[in-house]
Each structure stands twice: as structure tokens, then as C-alpha cells.
Amino acid sequence: MTEVINVKDLALTYADGTKAVQGISFTVNDGEVFGFLGPNGAGKSTTIKILTTLLHKTSGSATVGGYDIVRQAPEIRKVIGVQSQETSVDPELTGRENMILEGHLQQMRGKELEERVDSLLSVVGLKDAANKRAGRYSGGMKKRLDLATVLVHKPKIMFLDEPTTGLDPQSRAGVWDYLEELNKKEGITIFLTTQYLEEADRLCQRLCIVDGGKIVAQGTPSELKSEIGADAITITMKDYQGKSDDSVRAKAREIIQNLPNVSNTIDSGDGLTIYAKNGGYFIPDLVRAFDKTDIKLVSINLSTPTLDDVFLKHTGKRIRVEELQKTAPSMFGRR
Amino acid sequence: MTLLFDTQNLAVRALKKLVRNPILIFFSLFQPIIFLVLFTQLFHSFNLLPGFPPGVSYLQYAAAGILLQNAFSSALQAGTSIVDDLNYGFLQKMLVTQVSRPAILLGRLSSDAFRVTVQSVIILALAYALGFRVATGLPGILLMLFIIAFFGLAWSGISLALGMRTRSAETVFGIGGFLTFPLLFMSTALVPVSFMPVWMQDVSKVNPISYAVDAVRDLSLPGYFSTSAVLSSIGVIALIAVLTMTATLYLFRKVVS
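Residue numbers (the working numbering), protein chains in the order written: chain A, 1 to 335; chain B, 1001 to 1257.
Bound conformation, chain A alone (with noise of 0.2 Å):
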């Protein structure tokens, strides 16, 4: 397989000193979908911004589609499609003038352009919206017409970040569908970012677990859950008081430590997430195990590891969603 995205040892620092990405490197394939999963404030977006051209990289170095992201920065930007979090469409402009816009800025005119437009916005599905004002679209038809923009000149490689985030579950699992369609049918490289476990599990034939500007694992989603190697069994108690503080859970802890089978036990939220092999077997013995003590368990729930588990592992937080939680719009705002 040919790469397109090669990235070695990757740094930026702010000037303020923020550190935004320390040291990266991984390489994504033609035509697969690669994605970048973390929290607020990995670095996700500042990586984006590094690959696509908007800001210079601190060390290290990268191609996109072959180019130096330094010294061939024109030829990179003729064949990527670049989608930012803020959703960036003209509200004054109509949803066509939009795209012709866009087009033109791609260097493209006359039929050639007419006819991509027009049939990238029946794709997305605004063709009777395409004359009127996109500021009076929702929000959802907003980022469908930033995304045909974006596809305006044919890109071999797409960059979204966050293409979902802040949209009803509705118009996500559309765009999801979307994605998918413009990845198998048309062949295009997709490299997204994200928060969300679910669209990085449906959607990435592979991922990057990103966290504080480090790249703290990488693999198919299915490799990295298999890592786990252990089901996650996720309890909630309290003491005989109904308290349900530190002491409590230190306490439980010491409980659980002298089962068997257990391979690793981590606070999460208020309670505690224990990693076991095969779950079912041994939650019997775990319940009989507090049976015995002063302490009640409140809940428990199996799960088998999901990339939240993966992201626990390695950097012992849990991938903290804030959900439609909007920061003050700027161009190399830092996420």
C-alpha cells in the first residue's frame, strides 16, 4: 500500500511554550480512513493545522500526497480538502454561490464547475436549498454544505475535524453514512479527528489515541481493544453509612485486589472499573466477595473493552466529552 500521510517525530510549541504536539509520527494509507481520537487539548487540531498548511511545524517533518508540508505547501493544498470544527460557510452567500466560490478559489470555472456543484449538492442533498441564504440553513444542512464545499475540486485527501462534533445524533450518523459512501465509492484518504469513541470505532480502519500532544497508542480499532485483553466490569458502592467517598473505594479496591483473574482496576467516575478475563464468570465471585463485607454494591455492568478502555489504559482518564460545549470561535484556537 502506498502512503500518503508520513509523519515523523512532529512537534509544535506555541510561543507562548504550550506544547501542543510533542513528537509524532505514524503513517496513513491510500484510501483508508485514519483517524485521530482524544480529548479537548490533545492536539488534534494543531496536527490538522500542521498537515494542511495553516501553521509551521516547531520540528520533525511530514508529506501529504507526497509533498513536504515545508517546502511544497501549493501542490499540497491542489490535493486536500480541508474541513475545520467551526463550520465555515458564507451566511450571506447562497449555498450554490457557496460552492462556486469555493470552486473558483480551487482555481475551477465555467461547466466543469457548474456541473461538480450541482451534483455535489443533490449528494448533500441541498439542491431545493441551494438559492437560498446559507446563514438561514440549520445547522446540520451548514456542515453538509461546508463538506461539499470542501469536495469542490475533486481532493484525493480529506482532512475533518470533528466533522460531527456538535450535531444531533440524527445528522451524525448522515454524515457518518456520508464518509463511508465517499471513501469506498471515490476511493478519497480520510483522515479525521475526534472525541467520540463511536465514530472513531465505525469509521477508522485505523486510529491514533491521542493525549496531551502524544500519540499514546495506534492500531486498528479492533487490535487495540484486543490489547485490553480483559473484559471491564464497572462497579458503583457504598459503605453501610451510604457514603460512597475515597476511603471506600480504597477499601473495595483491597477487595478486589485478592480475586482472581483480575488484571487491573482503575477509578472512574465515582466508582471503580475493574479489567477481568471473561466477565460473566467472574462477577459471581465478585459479588460474593463484597457479600461478606460492610461495603454494598450499588451497580455493575460488563462490558466488553470499548476505545474509551484502551484510552483509560494508557493514560488513566477517561475521554471526558463536552458535549455541543462551543469555544469562542478563532483561527488557530487551540482544542
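Keep in mind the hints are simulated off the structure, nothing from the lab.
There could be a bad hint or two in this list.
What follows is a list of derived Cβ distance ranges for each label pair [as the list claims (entries may be wrong)]:
#: 1; chain 1: A; residue 1: Asp30; chain 2: B; residue 2: Phe1027; range: 47 to 55 Å
#: 2; chain 1: A; residue 1: Asp270; chain 2: B; residue 2: Phe1173; range: 28 to 36 Å
#: 3; chain 1: B; residue 1: Phe1027; chain 2: A; residue 2: Thr58; range: 39 to 47 Å
#: 4; chain 1: B; residue 1: Asn1021; chain 2: A; residue 2: Glu115; range: 28 to 36 Å
#: 5; chain 1: A; residue 1: Ala73; chain 2: B; residue 2: Asn1021; range: 28 to 36 Å
#: 6; chain 1: A; residue 1: Ala15; chain 2: B; residue 2: Pro1139; range: 49 to 57 Å
#: 7; chain 1: A; residue 1: Thr58; chain 2: B; residue 2: Leu1004; range: 35 to 43 Å
#: 8; chain 1: A; residue 1: Glu114; chain 2: B; residue 2: Ile1122; range: 31 to 39 Å
#: 9; chain 1: A; residue 1: Lys111; chain 2: B; residue 2: Gly1223; range: 42 to 50 Å
Restricting the straight-line Cα-Cα distance to at most 25 Å, the calculated cross-link-like pairs of lysine-lysine (DSS-like) are [claimed, not checked]:
#: 10; chain 1: B; residue 1: Lys1016; chain 2: A; residue 2: Lys132
#: 11; chain 1: B; residue 1: Lys1017; chain 2: A; residue 2: Lys127
#: 12; chain 1: A; residue 1: Lys78; chain 2: A; residue 2: Lys154
#: 13; chain 1: A; residue 1: Lys19; chain 2: B; residue 2: Lys1254
A virtual CB, placed ideally from N, CA and C, is assigned to each residue, including glycine.
The hints should help you fit chain B onto chain A, whose structure is shown.
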């Protein structure tokens, strides 16, 4: 070619936005029209004072100042558009395309120059209806419009730079409003220099508005036109333009780095 194509497309975009927000033009024109209709009536006896060009009505005299005031204050709003593009991510979206970088500024500036020209034509038409005449005829009017648009262009650079620096439309509007009147009153826009106290005469002599106003006025009053005066005023405007555009380009480079 790319530069021309991109500049044209971006200028058309800016003008479409302007036409769809006619309220902006209305607000810009409101003040000069009030000046043209009310201020010139209020002070119509100014022409009786010693030192006023003989045989010239106050409207005939002040029209040049009002035209340039309009160019100046409109130009100082130019930066609000780039604030929007910055804050809504549209500038960033343009920067990942193949668009020619200078075209982003040039498109903006040419649409601003076009806007000032259209507003000036409206003001001129109204002034004509009220009795204003341009002694040098149509060629004179065209030269006036050129000087006015060029003057506006020179100042829109300042506004664009402010917009990129502060990223706040309110600040751009605020600073524009703050600058307009002091510079207008301390220039020859509304009264001859001999009317002013000595310290203000000194200010007015270094006030760039005076140079542009004098050139436009010399074109409109009978018997005042001189090639050298027009050329020197264009020279002064060009100097301002070089300064403001350098600042704008410097900040733009920083933003698009």
C-alpha cells in the same frame, strides 16, 4: 492570472455581501447626507466671512470635505469584514485552497474602493440637486472620484490592519468613529484654513485629509484647478497608502504565516 481571477472573485463576493446588507451603506451615507442637507444650510452664511473664497456658496465649498469625510469613515470600517472572516474560520478556509494570497487583500480593497465610489456618486448626485457644480466638468468629476477612492483605499489598509490585530468589529468601528471627527474638523474640509486658530492651522497643514480635500475642491471651484496641486495631493495619498499597506501586509503575513 490567478491573482486577477481570485481578486475579481473575492471582490464580487464582498460586493454581494454589501448589497445584501444595504443597512451598512445606509448608515455610511446617513452622516454625509445630514451634513450635505443640514450642515451646509446651518452655516450657509459662512461665505460672508472674510477669507472665504469670493462668490462661492458654502455648499459649493463644503461638498469636497463631505465627500472625503464619507470616504474616510467608510474606509475605516473596511476592517470589520476581515474580522468576520477571521472569526468564522472563513479566512482559514480560503488559506487551505489554491487561492493567491495577495488576492485575499486585493479583493477586499477593490470592493472597498468600489463601495466608496458608489457612495460618492450618490453624494455627488444629491449635491448636484442642491446646486453644487463641478467647474472642470466630467473629466474633473472622474478625477475627483479617483482621488476620493484612492484616499479611501489608503485608509482601509489601517482598518484591515486593526481588524487583523484586534479581531473585534466593535474596536474597528470604535476607532474609526474616534478618528473621523477630530481629523475632519482639524482639516480644511469644512472651513478655510484662515478661519482656524493658529495651532489648528498647523495641525491642518499636516493633516492628510486637507491635501485630499484641497485637490477635490480645486477641481470643483471655478478657476482653482492646478495640475501641480492635484499631483502633490495624489503624492501625499500615495505615501499614506504605502505606509498603511505595508502595515497591513506585515500583519496579514503574520496571520496567514
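Hint by hint, here is what the structure shows:
1. At about 53 Å, the beta-carbon gap between A/Asp30 and B/Phe1027 stays in the expected band of 47 to 55 Å.
2. For A/Asp270 and B/Phe1173, the Cβ-Cβ distance of about 50 Å falls outside the hinted range of 28 to 36 Å, so the restraint is violated.
3. Distance hint check for B/Phe1027 and A/Thr58: the Cβ-Cβ separation is about 45 Å, which falls inside the suggested range of 39 to 47 Å.
4. Between B/Asn1021 and A/Glu115 the beta carbon distance is about 31 Å. The supplied range of 28 to 36 Å therefore holds.
5. As the Cβ distance of A/Ala73 to B/Asn1021 is approximately 34 Å, the hint placing it in 28 to 36 Å holds.
6. For A/Ala15 paired with B/Pro1139, a C-beta distance near 53 Å keeps the hint of 49 to 57 Å intact.
7. Restraint check, A/Thr58 to B/Leu1004: a C-beta distance of roughly 36 Å satisfies the suggested window 35 to 43 Å.
8. In this structure, A/Glu114 and B/Ile1122 meet the distance hint of 31 to 39 Å, their C-beta atoms being roughly 35 Å apart.
9. Under the hint 42 to 50 Å, the C-beta atoms of A/Lys111 and B/Gly1223, about 58 Å apart, miss the expected range.
10. Taken as a hint, the B/Lys1016 and A/Lys132 pair is honoured in the structure, with Cα atoms around 14 Å apart against an allowance of 25 Å.
11. Pair hint B/Lys1017 plus A/Lys127 holds up; C-alpha atoms about 22 Å apart against a cutoff of 25 Å.
12. Only pairs whose Cα atoms come within 25 Å are accepted, and A/Lys78 paired with A/Lys154 is accepted, the gap being roughly 9 Å.
13. The hinted pair formed by A/Lys19 and B/Lys1254 meets the criterion: a straight-line CA distance of about 20 Å does not exceed 25 Å.
This entry does not satisfy hints 2 and 9, going by the numbered hints stated previously.
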